[in-house]
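Two independent chains are provided; combine them into the complex using the hints.
Chains as they are written, first to last, in our numbering: chain A, 1 to 650; chain B, 1001 to 1374.
Where hints are given, some of them may not hold.
[What the hints assert, rightly or not] Examples of chain B residues toward chain A, derived with CB under 8 angstroms:
id	residue
1	Val1143
2	Val1145
3	Val1351
4	Asp1352
For the record, the hints were derived by calculation from the structure and aren't laboratory data.
Just so it is clear, CB atoms sit at the ideal spot from N, CA and C, and this is done for glycine as well.
Here's the letter readout for the chains.
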Amino acid sequence: MKSWLVSLAEAVLLLFADIALSAADADELGSERLTGLASANVGANLQALRDDFALATSEAKRLAADVVVALNDGTAVRSVTFALILVVVGAGLEWLYWTFAAAPLRAVINRTATTPRHAVGLALRRLGYLGFGVMLFTASIVGAALILPWPPNVDALVITTTALVVAVRSTWIIADVVVSPYHPSLRLVAIQSYRSTFVVSGVAWLTVLAATALLVPQLLTTVGSAPHLAGAVRVGMGGLVTVSLLAAVRIASWREDGRDNGRRKRPRFPKALVASSVIVATAVLALIGGGRIAAMLVDIAIVAALLGASKRIVFFFWRDNTAGDEEPAADALPDMLPLIVLAVFRFVTSLTGIAGLLPIMRVPLSQLTSGSNPVAQVALHVADTVALAFIVYLGWIAIRFAIDRRLRQLAPLDPHSPAAENTRLLTLLPLLRTTLAIVFVTLFTLSALWTLGIQIAPLLAGAGIFGLAIGFGAQTLVRDVISGVFFLIEDVFRIGEYIESGTSTKGTVEHISFRTVALRYHNGPLTFVPYGLLGTVRNDSRDWVIDKFNIPLPLSVDSEKIRKMIKGIGEDLALDPELGPLIREPLKGKLYRVDPGIKIFRCKFMTAPGCQFDVRTAALKGIEAALVEAGISFAGAGPQTILIRRAPDP
Amino acid sequence: MLLSRLIVRRVRLGSGLILLLFVTGHLCNLALGLGSVDAMERWRGALLMPWQTRLGQGLLLTAVIIHAGLGLVSLASRHSLAMSRTDWVQLLLGLATPPLLVNHVVGLAVASHLVARFSPDYGFVLAVYWKYAPLLALQQLLVVVIVWVHGAIGLYSTLVLRPVWPRLAPIVIPVLFAVPILALLGFAHAGDGVLARLANDAGWRALVEQNLRVLQDLGHRLHVIEAGIFLVYGGAVALAVGIFAANILRRRSARVVVSYDGGLTAVGRVGMSVLDVSRANHIPHASVCGGRARCGTCRVIVPAAADLDPPAEAELATLHRVKAPADTRLACQAHLLGRPVSVRRVYPVFVDAEAARQPDSWRAETEPDLETVP
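One chain only, chain B, in its complex shape (with noise of 0.2 angstroms):
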């Protein structure tokens, strides 16, 4: 490994909130539409300026380089496809969110650069939306949802292991629903009144469709550009999934036999994570954060001479943080290597992120058996 995974997983999760400020501030401008056109022009110096500054393009691109990469090497890197509905749900609006985003970017920011009499004001493109590309009005409202959609729940699983989430929570989770809404409704409420001036207003019409010829005139070079993006955007993405599906095949006969407290025994295969195994054999396993070493619920206790592989930085740092003891791992990072592995979950599987948050409240009561639930 290039990287130790907790500065990996540092600069993930950085990018993804420099990219969700953005979409923040992108979104509460469209939610001015509620007031009106004006409105929302007036302050989109303030809230979007400083994203068009080069500071912030260079910031905003290599934030969306980094956040799309490192969750591809991620796809790559797994070895089953066991995953937590959250994870599901993450994986497949990351992925769907760049090639529906290509056309708005290209078609507004990169034409912008490369025309100067083109001015993409919020007039413009609410008249194109609503009027004469209507389809592609569709695409970036499903592009709304489904980018905010995957931003709050990555910024809901990183909060809610954090000590401060039940202070947090009260004003965090109504944004969380206000920003998309009161943007859908600034964008419907403005829509409205961009028809009625382009009925009324034949100066401004004119100047729309002035402006969409320029667009159309670049019609070619911008269809290249978003050819190329998709081209390498599909390149990556099946990299990412042909070494995914390689290494699942390389090992596809290399089981492994793990074996759990209660009797019970589930195989795996070489590379498998122990959590990875109880998921895809839908053993019960605590798992808080979905594998990523995070909360401490996943933790198992081994025998010392166990066939797995050795903790990384991030694990260490985490079983730390749980004040776990020595023979204890975290199921979600310990890899098997090929002979059976026996383990002894510690948390029951109904534990919630306040275990991950306040790790001593749960030790005493479910430490001795597993079985019996209360």
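Isolated chain A (complex conformation) (with noise of 0.2 angstroms):
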């Protein structure tokens, strides 16, 4: 299951929600009158947009002048002064903590990662010394801010420049330990170095940028009480964060074209293009007013983006694995832990994406825990399925690994090589792996849905009564089937088999399917035979085959001495170093038959399965040359000649 298609379905099912409210609102649900009241919105929003600007200026002038005043009477003065006692005490105190933690992280930096999960620890540990440096800079500075008694109105404005320096040194250490410049060991993403300082300076600028858009207009609403102000200000920052977005997002296309030049191999995914919509449409909507539309596309595409991305992300982690490969190589196996945090990662981002929409939808938390919001049951409901969809995953790769690992260490599947040990394993594991396959996914399709609040029974229902259609007009099917699973069950075959049916087919069992068995004849031909077919199942593979061959002699041979000579070469045989051990029994003779004018004798061993041609072979030769070494023919089968040449007299 694709987790993106959930989220995707998730959006959508999201948005109608909110058109269809707002239609409820209106208590009219034609689409003329939704787009109506659409229209009239932005007309609204443009209107204020334009207010906005044109009385930007005349409260800018205000502020600026209750500044001057604030100059005059001493309050600015006072605030200038604690302000840098914050300033000191703040600066000051992280100075002192870093007087001693500066060695302890230079000994992190310096070190070179043995493995990217290496370098997440030590990450972690660089978070640990430069959090704390900033948690000790703000906590100081509020503690400080505290207990100092600021003019009325400052307070906010120390707060607000006080949030916005955190945010941005927060953002700035967390984007330097993760792309960690300067030291391509310790980097927790795949970004090349010279990209890195980049990375970093853009993502300082944007939090800059954005904390500024987020902050700053608020401050001005309440404390200035200059809404419009604070209107062209949020705008004027909001085009800002919008045009370096696109600028980045052209950058790192940029570079990424000239490095490819002449090694692209295929068309690849427009991201940058993709990325560019999707941040002008947001800029776009938030400037229209569908500020809520807005905010879920971004949150919509960011889990999509990470989503994308997931698998890449994930295996970064287990690079050093897969020597250096992006992704482990289609045949081999990839370890299982990569998979497992795949799966969490996927599912987390989901789950937040889904958390993120609902403050974006405003659903009231009291709402959410009764269910009584459409819009957070929707929501729950998706949740639900996507754990639904981690746990069955987590199930599924937890029995496939099994699987696969007992099938890797089980000798590789070959029909036409001797048999080995476990062909039971090889023939029944790859089978159980596909019918799992298939439980797992028609248990989840079902249970989804029936999370999702549609009801499964009238389907079960409606599924029994077309498949006792089904079934009458699959008999053969059906029957196939069944004494295909008796078949396997009893062990009557496994791959690498030769067996004979009752319909006088034969072969050696090369494939086994849910309806048939593939049976390659040994000149070739493969014959695909249904189960219910198959009928008397002769299994010429199972512990050991006796064969018996008869060597006509003529009349005059000392039978006994013919018995010791077949049985030394029995024993000689049993001896060799090849067939020796295939042999059970080792060949013996006795003299069978006499008919007239020929011995028949009648040799017999028994070996492993399937090795009773070679050994007969050797046997006829050791045979033949043990009589010609003893002078002894061949008796003719058929009528004998013999010519009798009249010695001249003398």
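Following this line, the structure appears as structure tokens:
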């Protein structure tokens, strides 16, 4: 189950829910009414925007006048004095901390991480050192600010400034720890060295802009009571953020193009284009008053991007196990841990995305728990489904890994090699894997439908009736499948065994599926026999085989001598390094019948299944050689013409 | 080099200490504002009067000129801008101080020289700052913090290398924090008193305004003096920056390869020190004092025939103090001459000032291999 599909569907659902709700408010469900409402809304927002810019200058002038007044009555001087005390306290205490912590931090920064997982540990330690510095800075500033007797309204200014500084410093630290400029082995993302400083400064710059866009307008509205100026600042900062983001996307893709020149193999997903469109769409939506939809768009875009890159992000930390490749090779068995981490990552990302949508849709917490809000209900259902997908996926991974690991421990499957141990497992495990996959998908689909509130009982009933109808039509199919199940349970044949079925089809079992078994006849053709038609099965590859053959010799030979000779050959064969281990009972021969003019000796030996032909060839070769040495020729089976030459008279 | 670096360093430190002493006294006086303006005025005699004698003023002026001049000389003789964060802070704060401070000094000290009946007592100055020229007050507040931070960092980086520091720190560090905070608080508290008095005491207000008029009458002459100072200072800074830039431009193509232990290599220019090259190329290199030939932690093992300028007196003294073997140099003092150089760092990058205070404590376990970090 692709989780991003879930999140996409969920986004669409919520969007519809939003529209439906606003339409319900309007008490009319016509689409014309809806578009009318929307356009009126947009118009009003644009008008408000114009007002913001028109009135911003006068408000700015008023604020400047306020500042002049504050300067003259001593408020400003006092505030700056106190602010400088804050700076001395905050920066000073942090400096004091760094006189102790700088050396350990340098020790961590200058280590070389052996694996990306090791780098994560080191990054956490660095984050600890740096984060404690910022925390100390914040705490001391806040503590000092609480003690000082601020002039009215200045405390809000101080809080805003502190928040701004702390936000920028925190993001900077995080970006620095994650990207680690100049220390490639500590890096937690796949970024080339020449880009790392650019990324860190870009993140810091964007945080400055975004924090300003969020915090300053609020301050202007509450303390400065200049809502229009606030609106103008918000729009201006938002514009700057948009332009910076677009520039960042452009620069990132431009450098990528430059590096890949001439080596590009296949067209790729136009990431830059999509990212730019999302940014522009968000900005436009925010501008015309669709703030909630814009926020949803951002939420969904971030979740989609994270999910799209989830495999790369997670496998990055197991880079060393896959010899530098971004993704493990298809035939290599990947580790179980990265896959579980990947699942957890996707799960957490999806859930966070959904949780992020709830405040955007302004769902009150009380309604969330009681489930009375339809949007919240949908979100909860989707979250349930995602959780279910996560659990099912984890279960599937666990089982698949158990099976794959077992299969790998066994010999590789080659139907035509001599029978190996554990062929039964080799036969059954892949079948089990497929069966479980089907069971899991079915269970998940049904549970997901049920969780989403769709009644599955009628569906099951319908499937039952439908199944009955099909069942009559597909009797043979059912018979095949069921007899197949019993063949396998009773261990009638395994892959690699030579069988003969009742329908006189015979061959080596090459492949076992749900309905048929594929038999390779020894001179080539592959026969697919449905289990239902298999009938009596004669398995030539079990336990042992007895082979018998006759040797006709002239009547004149000494039977006892021949018997000993054959026994001797049998003992020789049993000592043969190649054939010896295959022979269960050595070759023996005895006089079997005496026909006119011929003595028939019957030879017999027991070997492992499938080896009788080689042993027989070797035995015949040995017997012939011995006979030639003894001057005995084979007797013909048919009438012999004996020419008697009369000896010339003396 | 005209003067030995060792002497230059001591002179610079001495002038800095004189200035810091003056600033401390001044700020302590300001802190008395937490009591009252009168208390400030009473203690002014004790705390600031020594500096208002002819000798004190001469000493102060000399210290200012020497300290600023030596700062600019050291800027001009740099060969790279790859400095530690502390050095950047020191440089920028140092450069910002004179222009911010000039009108305070000219407006009060020089004006009282020029006109006998002008008596800039604390009440008057505070009244001006709080009531009549608030922007100047903001400027002076800023300069209080700037000067103090500059001085505190300088004092700390000198003291931290001395063996006595661990015993000194519990006294010095609280003082470093307390002085500016108390001074700012005193300024704020005294400001309240002055504003109240201005509102209530009309006679005093008249006196203040009369003093202010004297100052305004002097305005033109003061401006000329200020402009002259600005001109000289600006010229000096421009000269220093110009020399620095010319140095870098002249040698921008004179590349030298420096190879380090652990297979690292870096490219520098002729004239840069080995430590400059490490910093510019982000090669981990221990340096506790920041490249002043004081701590000995940046030292490197170099082949005898390495193409580096010969060690100066300051470097030899430090090397002797840390009992370095004969084939070592201080990376901050070993300047490149042109041919490639190969060096081996002695200390791991994470050493702290302890290594400078007690050089013996680090040697045994760190010399074999730098790349392995415990």
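**Item:** Enumerated hints in conflict with the structure, sorted upward
**Value:** The structure conflicts with hint 1 only, although it agrees with all the remaining ones.
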